[in-house]
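Read top to bottom, the protein sequences are chains A and B.
In terms of my numbering, the first sequence is residues 1 to 691.
In terms of my numbering, the second sequence is residues 692 to 1217.
Derived by calculation from the structure, the hints in this document are not laboratory data.
These numbers come from a predicted model, not from an experiment.
Hints are supplied without guarantee of correctness; some may be wrong.
Residues from chain B that keep clear of chain A, each with C-beta distances beyond 12 Å, as calculated [as the list claims (entries may be wrong)]:
| no. | residue |
| --- | --- |
| 1 | ASP693 |
| 2 | TYR767 |
| 3 | GLY842 |
| 4 | TYR875 |
| 5 | ASN886 |
| 6 | ASN1033 |
| 7 | PHE1067 |
| 8 | LYS1161 |
Using C-beta positions, here's what the derived DEER-type ranges look like [what the hints assert, rightly or not]:
| no. | chain 1 | residue 1 | chain 2 | residue 2 | range |
| --- | --- | --- | --- | --- | --- |
| 9 | B | THR907 | A | ILE655 | 37 to 43 Å |
| 10 | B | THR1087 | A | GLN422 | 54 to 60 Å |
| 11 | A | ALA163 | B | ILE706 | 56 to 62 Å |
| 12 | A | LEU576 | B | THR1087 | 33 to 39 Å |
| 13 | B | ASN742 | A | GLY208 | 33 to 39 Å |
| 14 | A | ILE600 | B | LEU1076 | 25 to 31 Å |
Glycine included, each C-beta is placed from N, C-alpha and C at the ideal position.
So the chains spell out like this:
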Amino acid sequence: MLSVILIPVLPLLGFAVQAFFGRRLPRGGDFVPLGCIGIAFLLSLRIFIEALTAYSADWKMLFGPFVWLDLESHQISVGLLVDNITAVMLMVVTVVSFLVHLYSTSYMHGDEKYSRFFGFLGIFSFSMLGLVIVDNFLLLYVFWELVGLSSYLLIGFWFERDAPANASKKAFLTNRVGDLGFFVGIMILFWKVGAFDFQSVYDGIAAGKVSGWLLTAAGLCLFCGAIGKSAQFPLHVWLPDAMEGPTPVSALIHAATMVAAGVYMVTRMFPILTPDAMVVIAYIGAITALLGSTIAVAQYDIKRVLAYSTISQLGYMIMGLGVGAYVAGFFHLVTHAAFKACLFLGSGSVIHAMHDAYHGDHDVDEQDMRNMGGLRKQMPVTFATFLLATVALAGVPLTSGFLSKDAILAGALGFGGFAHPQHFLIPLFGFAAAFLTAYYMFRLVFVTFYGEPADERVSHAHESPRAMTIPLVVLASLSLWFFYSLNPVGQGWFYDLVKEPPQVALMDAQVSLPATTPNTEAAMMTAGGSHDDPAHRAHYPAMALSILLAAGGIFLAYKRYYNNQKAMMAHEAKLLETSWLFRALHNKWYFDEMYSASFIRGTMALRSALSWFDTWIIDGIVNLSAYFARALAWIQGLADRKIVDGLVNLVADSIIEAGGQLRRVQTGRIQTYVILLLAGMIVLMIARMVV
Amino acid sequence: MDQWILTLLTFVPVIGAAVILCVPGEQKNTIRWLALLTTGICMVLAVWLFNAYDRANPAMQFVVQVPWIPSFNIEYHIGLDGLSVSMVLLTALITLLCIPASWSIEKGVKGYFALLLLLQTGMQGVFVSLDFFLFYVFWEIMLLPMYFLIGIWGGPRKEYAAIKFFLYTLAGSVLLLLAMLAMYFNTTDPATGENTFNMLVMMDQANHSEWLRAGTIFGRSAPLMLWMAMFIGFAIKVPLFPFHTWLPDAHVEAPTAISVILAGVLLKMGTYGILRFNYQMLPDASQYFSTLLAVIGVVNIVYGAFCALAQTDLKRLVAYSSISHMGYVILGMSAFTVHGINGAVFQMFNHGTITAMLFLLVGVIYDRAHHRYIVFPNDYHEPELRGQLGFGGLWTHMPIYGSLTMIAYFAALGLPGLSGFISEALCFLGAFPVHRTLTIIGTLGVLLGAGYMLWAFQRLFMGSFNERNKDLPEINSREIATIVPLAVVVIVLGIYPAPVLDLIAASLSDLSHTLSAHSGMAANAF
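Starting from the given sequences, assemble the full structure and let the hints guide the process.
Below is the structure:
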């Protein structure tokens, strides 16, 4: 228990040390996070060995449940789950993370925020390792967002420039769009099942607590999270921009581990997916696989090619899970992590060398492969490892990539080719992407490493230091087949340890869907025991086809780019002007433009409109009523002064007036009084006589 | 001590204020330290309360009940349950941090701190009162210092903002006063057989008159009208759309510490009032208005977030984010579920700490740059600056300030691992089973929240450094001392929320069950 918890906590400790003391320690304190992740690796290795020793698909350790939120009458509990999938994920994350830490000590050397970089790597490792050991959707969401945070921090590491700052914000927001769906999915499950942990959710669904369209909706909502995190169509747009981060980060987060979190999540929710949801997932994956590989064909930035390649490969994994090739999809996650990390670190090595060769000349784009060329002589280790990883990515036999990719394609072919011909597009996209992958990767290799240097300065490029090449060698060797299966065309230990879980959604789907719908059949084919049949039938055709396509792609790239890089680049520059298709590919099918014209502009228009409404209408009414009250008060005041007070004053004035008149009587002269007295007496006497 | 704790918490500040009034105005530091001492004592009392509070007991604790104006059965009746204890602690904490945050005030120091302490008395009194009349008195007491604190120590348009705040709240108070009298004349204390202001008696519907159960005013149902009167009174305070426009103005003009109190504590009185009065005294009517509450909550969330996205003044942005975040509280409480109500009250607490951080951080930059424009507006008095970024690239120049801001902004956008996430998640989880579509719309606030927060962060701290700000000094230790305690609370509660949830859960679960018991009746009642 403690050793499991320590795995994520150690890197967090590394972050804390870096945050408070990093700059004061020698070497920027880089040995602290390196040591932390190293120990985490050893602890993970122990768990992995334990899993291998047990050698059972059912092996698992559960810790908990522990009450996290105690609401008196309701509790929300969480726990940890370590099974074979977790053990494998722990190995993938700690190995790549350790190597990237090691690599960064050289790559980031001299950066003024050196220790901050290692601190952020610590946050990432913590979140990613936490993500794979939790046993429930709620904590999965928590760590899911935390890896998003570390991704934000690391993409925007060089925040002084606008491009990384924009890219980091874009990555976080795009992911949040997917996460909204994820959270809605969690809410649906919690509403119906009343729990978050995987097992209770499976059990609850098996008991029929969620069913029919609502279960499909729940599955697809959860999957939205994976669409964001694993850069699936239509939320893939953030990943290429994320390449603004330092290259080790691209390797660790945006190729090997974090972006695979979506795939990991789908493996965890696999049992609850309905057939309808699976078909949608398969299509999303297939579209993404094809989309990414088409765009990669027309890119020049070495990291962007790899980024679109990553999108495409993630699409493969998702497609594999969608067509029910559960093990193959997850297997590809593992193999891809090694060779794609190798490719990114290799590209980093190239960029590093280019930076030195061009002495930081700001007019030259160090990442543009048109400025490279002929690097295989100057950088033999980088070249060799890069080539091996490329071969693996292209799916050439004797590599790990062949094993996993072939299995996915077999699954796709079995599903869309044999079992459900109406879904033929899925394998079609998959195979097309396989061809394109081989093509664009060898285009990259030929333009970067073969031919003549694009500039005299490039010929002085030199190999990167040991701390950078060792990780390359390790990762490249992990792209060989025998780590995964001694038989280069067969299934190794991986297939013994990771087994497709029983589909709990199925029992229910069979009831709720009419028996005649193709989906029910699809469900039975993909998830039931009978699933092996079409996949088996597809196995050898798929293998033959994929080898053929990979060879074709490599050959085409060889024909076009091996000898005449310069001429081809000039040709492509002309294509950019003449061919709308090439232009569209180069501009990533204009997704960014479409999104900024619709969603971003819409949001901006709405915020302006609402803000105007708030200031002029809502607050306007408030101010208007205030003015109205003041006007009324003014009128009242006027009335008060003129009429009410006027009457009062009138009375007073009349009295004063009367008094003033009467005052004249009071003259003070005795004669006047005597006269008045006499006059009064006369009046009284006359009156007396008259009456 | 049990008998005295709440009285002390409420009246120690006013004693401190009285002492301060006796100190000559020139001795500014003496006054400041006295204020710090007073609020410090309150904080110690609050910590004592935190330990002594019986978490398993959902009923009122530390109750004191003595006659005050016997001819009207008005009593000095105070006590607290899970709902109020969290607010009392929040008030003590926020006020304590506001004293160092006001250290740089030089004008009328004596009056400022005396009023601030008087304000604290008003706030604590509101949260502990169990007598409607007493509550109303404290509610009004609080208004007065706030008016002067904004009107005298505020920014350029302080008079406008102060009057707007005062009149708006007073308008709400009038409705509250009417509701109070209606409640008084229609509640009979079974012990004495007379009308009473005792809130606990009012909470038992058996003590309500026939009119209060089924009567009419102007041809409409009396309980619904009464509910509405109280609701509007409280809604102005929250503030809920469309009664919210006083808030941005008040915030923009108020000095930093007053903004902190305003957003950190005062807004919570609105939601506290709804939970205490509307929910507990008129549960049937509350059930009736459940959907209305959810709609208003969602409008607050989304509308507030969109408006925040449009702001160029950092303080206005934070003010609108408050409006958005208080929407979560309303949405959470609208469903009457255990998760929703606990989430709502926890969100009240968390918003108090998070938004306090946000305003303190705005204050730091405002003290240095004397403006707080993310982008200079089109009517800025220096024409060449119009449309330019006010800051930019500050993170390199002020790394500690930037990192603290980042924690606060991520807390505000609901990042898991920080306290705001748990309360927002509970609000959503609680509201979803009852108001499904509305809750899904409400989750948009999480996306928009990330949008305005990250966009602001980028424009302030990222990008190339704006040389105009090269003389701004890094955040100083006094300012760090005001912000770090809040950051610690936010982080700790984000990982381990039990310290607050344990306090509130027993009472709130009770409340939720009481309300749910009325759900069947509500359908037929009106």
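Verification of the supplied hints:
For ASP693 (chain B), the non-interface assignment is confirmed: its Cβ lies about 23 Å from the closest Cβ of chain A, beyond the 12 Å cut-off. Separation of TYR767 (chain B) from chain A is adequate, the least Cβ-Cβ distance of about 31 Å exceeding the 12 Å criterion. The non-interface label for GLY842 (chain B) is consistent with chain A: the shortest C-beta to C-beta separation is roughly 16 Å, beyond 12 Å. Distance check on TYR875 (chain B): its Cβ is at least 29 Å (rounded) from any Cβ of chain A, clearing the 12 Å threshold; non-interface status holds.
Taking the minimum C-beta to C-beta distance to chain A, about 34 Å, the non-interface status of ASN886 (chain B) holds against the 12 Å cut. Non-interface call for ASN1033 (chain B) relative to chain A: violated, since the shortest CB-CB distance, roughly 5 Å, does not exceed 12 Å. The Cβ of PHE1067 (chain B) sits about 17 Å from the closest Cβ of chain A, beyond the 12 Å cut-off, so the non-interface label holds. A cut-off of 12 Å between C-beta atoms confirms that LYS1161 (chain B) is not in contact with chain A; the least separation is 14 Å.
The hinted window of 37 to 43 Å between THR907 (chain B) and ILE655 (chain A) is violated, with their beta carbons roughly 53 Å apart. For the pair THR1087 (chain B) and GLN422 (chain A), the supplied restraint of 54 to 60 Å holds, since their beta-carbon distance comes to about 57 Å. One distance hint, 56 to 62 Å for the beta-carbon pair ALA163 (chain A) and ILE706 (chain B), holds here, with the actual separation near 59 Å. Evaluation of the 33 to 39 Å hint for LEU576 (chain A) and THR1087 (chain B) yields a pass: the beta carbon distance comes to about 38 Å.
In this structure the hint that ASN742 (chain B) and GLY208 (chain A) lie 33 to 39 Å apart at CB is violated, the actual value being about 47 Å. Taking the beta carbon of each, ILE600 (chain A) and LEU1076 (chain B) are about 26 Å apart, inside 25 to 31 Å as hinted.
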